[in-house]
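Student: Chains as they are written, first to last, in the working numbering: chain B, 1 to 668; chain W, 1001 to 1668.
Calculated directly from the structure, the hints in this document are not laboratory data. It should be emphasised that the depicted structure is a prediction, and the values quoted were computed from it without experimental measurement. C-beta: ideal position from N, C-alpha, C; glycine also. Careful, some of the hints might be misleading.
[Stated by the list, open to error] Derived list of chain W stretches under chain B, where covered just means 3 residues or more per stretch with a C-beta under 8 angstroms from a C-beta of chain B:
| no. | segment |
| --- | --- |
| 1 | 1148-1157 |
| 2 | 1416-1428 |
[Said to hold, decoys possible] Here are the computed distance ranges between Cβ atoms for each label pair:
| no. | chain 1 | residue 1 | chain 2 | residue 2 | range |
| --- | --- | --- | --- | --- | --- |
| 3 | W | 1144 | B | 493 | 53 to 59 angstroms |
| 4 | B | 86 | W | 1610 | 28 to 34 angstroms |
| 5 | B | 317 | W | 1086 | 36 to 42 angstroms |
| 6 | B | 139 | W | 1192 | 32 to 38 angstroms |
| 7 | W | 1232 | B | 289 | 54 to 60 angstroms |
| 8 | W | 1110 | B | 602 | 22 to 28 angstroms |
| 9 | W | 1141 | B | 161 | 47 to 53 angstroms |
| 10 | B | 111 | W | 1192 | 31 to 37 angstroms |
| 11 | B | 394 | W | 1183 | 16 to 22 angstroms |
| 12 | W | 1141 | B | 495 | 35 to 41 angstroms |
| 13 | B | 113 | W | 1143 | 15 to 21 angstroms |
[Claimed, not checked] With the C-beta cut set under 7 angstroms, the calculated list includes, among others, these residues of chain W facing chain B:
| no. | residue |
| --- | --- |
| 14 | 1141 |
| 15 | 1322 |
| 16 | 1323 |
| 17 | 1375 |
| 18 | 1613 |
Protein chains: 2
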Amino acid sequence: MSEALVVFTPSGKRGRFPVGTRLLEAARKLGVDIDSVCGGRALCGRCQITVGQGSFAKHGIDSSAEHVGPFTATEERYRSRKGLIEGRRLSCQTILEGDVVIDVPPESQVHKQVVRKRAEVREIALDPSTTLHFVEVQEPDMHDPRGDFERLLEALREQWQLEGLTADLHVLQRLQKTLRKGEWKVTAAVHDRKRLVEIWPGFTDRAYGLAVDIGSTTIAAHLCDLSTGEVVASSGLMNPQIRFGEDLMSRVSYVMMNPGGEVEMTQAVREALAAVTGEVAAEAKIERDLIMEAVFVGNPVMHHLLLGIDPTELGGAPFALALDSAMNLRASDLDLDGAMNRGASIYVLPCIAGHVGADAAGVVLSETPYLRDDVSLVVDVGTNAEIVLGDRNKLLACSSPTGPAFEGAQISGGQRAAPGAIERVRIDRETLEPRFKVIGSDLWSNESGFAEATGRTGVTGICGSGIIEVLAEMFLAGIISRDGVIDGGMATRTARIEADGRTFSYVLQEGEPRIRITQTDVRAIQLAKAALYAGSKLLMEHFGVEKVDRVTLAGAFGSHIDTTYAMVLGLIPDCDLAKVQAAGNAAGTGARIALLNKQARREIERVVKRIEKIETAIEPRFQQHFVEAMAFPHKTAEYVHLTRAVALPAPKELAHDEGDGRRRRRRA
Amino acid sequence: MSEALVVFTPSGKRGRFPVGTRLLEAARKLGVDIDSVCGGRALCGRCQITVGQGSFAKHGIDSSAEHVGPFTATEERYRSRKGLIEGRRLSCQTILEGDVVIDVPPESQVHKQVVRKRAEVREIALDPSTTLHFVEVQEPDMHDPRGDFERLLEALREQWQLEGLTADLHVLQRLQKTLRKGEWKVTAAVHDRKRLVEIWPGFTDRAYGLAVDIGSTTIAAHLCDLSTGEVVASSGLMNPQIRFGEDLMSRVSYVMMNPGGEVEMTQAVREALAAVTGEVAAEAKIERDLIMEAVFVGNPVMHHLLLGIDPTELGGAPFALALDSAMNLRASDLDLDGAMNRGASIYVLPCIAGHVGADAAGVVLSETPYLRDDVSLVVDVGTNAEIVLGDRNKLLACSSPTGPAFEGAQISGGQRAAPGAIERVRIDRETLEPRFKVIGSDLWSNESGFAEATGRTGVTGICGSGIIEVLAEMFLAGIISRDGVIDGGMATRTARIEADGRTFSYVLQEGEPRIRITQTDVRAIQLAKAALYAGSKLLMEHFGVEKVDRVTLAGAFGSHIDTTYAMVLGLIPDCDLAKVQAAGNAAGTGARIALLNKQARREIERVVKRIEKIETAIEPRFQQHFVEAMAFPHKTAEYVHLTRAVALPAPKELAHDEGDGRRRRRRA
């Protein structure tokens, strides 16, 4: 039997095979990364290749002929049914006839890259935990007493090299009917190459996964196609636990005051997860049964309540987590077997410490400070700020009790980010007159058509990013002093400064509602930003750096604030402004990475183990940094530069994370 | 540091250790088999030893002194609390002070033998899947952000060498409260050294397991103490599926006629299992929560219905099992998490073929034909007979459709074995007058006091063993011919022979109820015994033997029939009568072995894989053997010997399996 040389590009893998070998088989034997769900039956079209043209002298092939078999009738059928780009072949149908160079296009690779929009983060290689495998199973006969399951296992072993699989009972319960309905051709879903979790009659190549960030306030879910990595639907809804308390500690208190209260809250969050799953499935027009994976992140209290664990211990020193390891569960463990496929696997990212949760682990996985040479500071602001600092050699983490002021809570005119909330503010340095923009409108308040643009909602209050901007603008306009006092003397220049007992307020909007910035509001933001800054400073001190190379602001708050203003107010340490960026819902992105790439799970588990945790509550230096950080920053050279930068151009559009547009759109 | 030699008996393992070493530690390091649940804290008392006295010259120890530390206050406390045999020490408290010989008594060995009553079967070494481990866990503090679970894992790793454990979610949900309640001392139950399935505050050393044989008619359960292997309670109840059909095929038909009927039957059998579990727990006066393991066996239809699998495919050729592999499940998979500990593990033995189930696998595990040099025939008679033949080199199995006649069904006066049923019959060779015994009474019907002894029940019918005996006696008395015809000519000798249309009957009891043996009854038993015999013969032919060395009759029927009569009627092939024995509920015993010894699970899985299955339905020779076996045996020399043996002595008492007394007592 004569042999021929085949060279696969871009891998460069090469080998000699008997003439007549199918190219998919040759690729498999060489370990070339070519996708296939149907196992070489011309059904899935995943294994497409291009046969090289021209001279291949550099590959040691002395021929320009196309040394493969002709386009087959099977390929023609596939082309007419599903379409095939000119020049493409199905490698499972293409026969080796002589020396040849074969190009494997990116979309035919098993571990194809999922494109992320932000340049500074790495691509995700597609390698999900649950994989699909089409097989033909031997029919039973009287001479072979083996069970149908054992014959299915044999097919998976012989056709897909899957060894020693176990099966979920629900699969075995439907196995015989499914095999017969599919006429002994079925598609199996296998988790982690170990566990048979679903079986469908005939061929199918659709499977989906869900990545969810369970925040104290909102639950954000992305539904991803596990074969492309694309987000096919996103949705967010309020965390229904809010009725038990606005912030984390009030929910922990609820459990302390109402023994068994954790059961109610667990039920509430799981029902919300079921609801949001239904929502994204409906939006993507898929059956919930096709959702085979889910990955969850959340802060430690959300993490514990999701798992049905009483979070009481997180409410007081020593803030002991019930567990910090990553969890591999089944949908039924979380009562989610009705919301997705019964065989769906759940992965929960590890927690880092009692106040630094699986959400922070998600942020770390998304932003990968552990892969960088430069020193990154990654800050995820919620009711607690979770802060990670480090580089490829060392990582530190802490949490800092910022309180809910950044989210608009405990601010006189404050509200959550939602249509109608003021999010951008400018104050004229001379007249001290303000103008602002609200969420849901592109117009400034002094532009014509503003009232119409805000529509029925009107202006309802001010959200976190608006508060940051108004305070920074008040400071830059001289209305607030460095130590945070609203200057009553300015009342002579504008009627917007008004007395408020023994302190003063700035009136941002007259009318309904009347929105003022009070001295109490300024103090609340000062406390929050001092806590945030002190946490960062503490980590820098432990790490041994005076300055960080890069600052990443994660989370909704980080996405909506203008980073320039954040630095004006001193929320974050000094850093080259070009290296300060918003990462959007990085926790959610981390969940999505863990969903699409099972190696990423092992990676974050390893990284989390080596993160050094700093407990702010027992660090005397934290208090000192906190007190020092109450004032607004000194007029250093950089600060002057900043004020100038702010005064001149219109506010830049903020970079959003991939999923952010959808999330924002649906925030209402 | 000086060292001393320690020799452990009976293992003979020896080694030198520093003076001051605790003997339990020395034993561990040498791999000496000493039990411990508390991990050396003088709580469990499992690690008792005896310090050798006298001269140990043969061990190379030139001293007769007792070279160990003195009896400690801790041991004294243990003795006063729980008792300690004179001369015994706790090895965890005994200090090595010089060369010494230490005896480990059998009850201190981890893998102690569980004594079985029958001499011909091997002992069971105690080695259950779920083990208990007492640990002290490090308390959390602010400098150690690890979760409580991770600190528990560390304790299990350091104190018990348990690596890489995962945990059931329900354990994690209660972990923090349990650790605090136990003041950081807890007992963990670990399944297969892999999965943490339960945790109790403080020290406990009690855990139980359940072995259940799910028969078509009865469910027999044994509750075992996992630390001693003892059966602490047994119970049997009717399989409630009987309301869907008396025999297997009628239940399969029920599903065929009532789609979804398998769901009802699954629910019925699982509810019965929960009920029987409650019954044995109550009898043993233990909490259900202490039941950590269950093992189930059953024929293929029962096996499938237990697992929630539609048995329809078992109702017709090619009789395809949904699966034949052994199953490792959790209690919740079978809705049994309320009936036992939530973390309890379930093991279901493998099936052999479409008509040879996990019950047959249990029989094989109990009777171990695969360990013998001689050729054994093992027969488990139910509605189908499951037959295994072979030796250490080769095993064959088949099932044979005996029908329910042996169980008293489809016999005119027949009934299930229960008080009031005739089980022993003798017919006077001259007068042709019968006498009989009923279940629940020790008197013959012609003895005085018989009527009183049968009590309120009276004589209700005739069960399987009674039918065998009456037919054999009728044959021996000449009432039935070799080809099974009741001889009407005998009516001249006794009024008990009466015409019945064109055939004749023998009246066993006048009165209420009138019990007759009709020609149809004889035919039914002939068909059943021919099927049984033909199955055995077919296997012998495939194996290549003319004669078997040993016959074991398993199951209730096998326990109750007199093996001599079984051979008179030709139910089983010729064999030395001394080598024909009843094994009682061997399927249940197999379940108990798999419960107490996890290696036995691997063993039966391996053995089942190499059993060669013979499908009687497609073997033309089976029909031939069947036809030939319809008649009663020839008067060979052996047969004459048999008839003589039967005619003379009173029926011998039958050997029963260990659990059988209880089962029989409760059969009512």
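Student: Could you run down the list of hints and mark each one as holding or not?
Tutor: Quick rundown of the hints versus the structure:
no.: 1; hint: 1148-1157; result: holds (count 3)
no.: 2; hint: 1416-1428; result: violated (count 0)
no.: 3; hint: W:1144 to B:493: 53 to 59 angstroms; result: holds, 56 angstroms
no.: 4; hint: B:86 to W:1610: 28 to 34 angstroms; result: violated, 56 angstroms
no.: 5; hint: B:317 to W:1086: 36 to 42 angstroms; result: violated, 52 angstroms
no.: 6; hint: B:139 to W:1192: 32 to 38 angstroms; result: holds, 35 angstroms
no.: 7; hint: W:1232 to B:289: 54 to 60 angstroms; result: violated, 45 angstroms
no.: 8; hint: W:1110 to B:602: 22 to 28 angstroms; result: violated, 35 angstroms
no.: 9; hint: W:1141 to B:161: 47 to 53 angstroms; result: holds, 48 angstroms
no.: 10; hint: B:111 to W:1192: 31 to 37 angstroms; result: holds, 34 angstroms
no.: 11; hint: B:394 to W:1183: 16 to 22 angstroms; result: violated, 37 angstroms
no.: 12; hint: W:1141 to B:495: 35 to 41 angstroms; result: violated, 57 angstroms
no.: 13; hint: B:113 to W:1143: 15 to 21 angstroms; result: violated, 41 angstroms
no.: 14; hint: 1141; result: holds, 5 angstroms
no.: 15; hint: 1322; result: holds, 5 angstroms
no.: 16; hint: 1323; result: holds, 4 angstroms
no.: 17; hint: 1375; result: violated, 22 angstroms
no.: 18; hint: 1613; result: holds, 4 angstroms
Comparing the model with each numbered hint stated earlier shows that hints 2, 4, 5, 7, 8, 11, 12, 13 and 17 do not hold.
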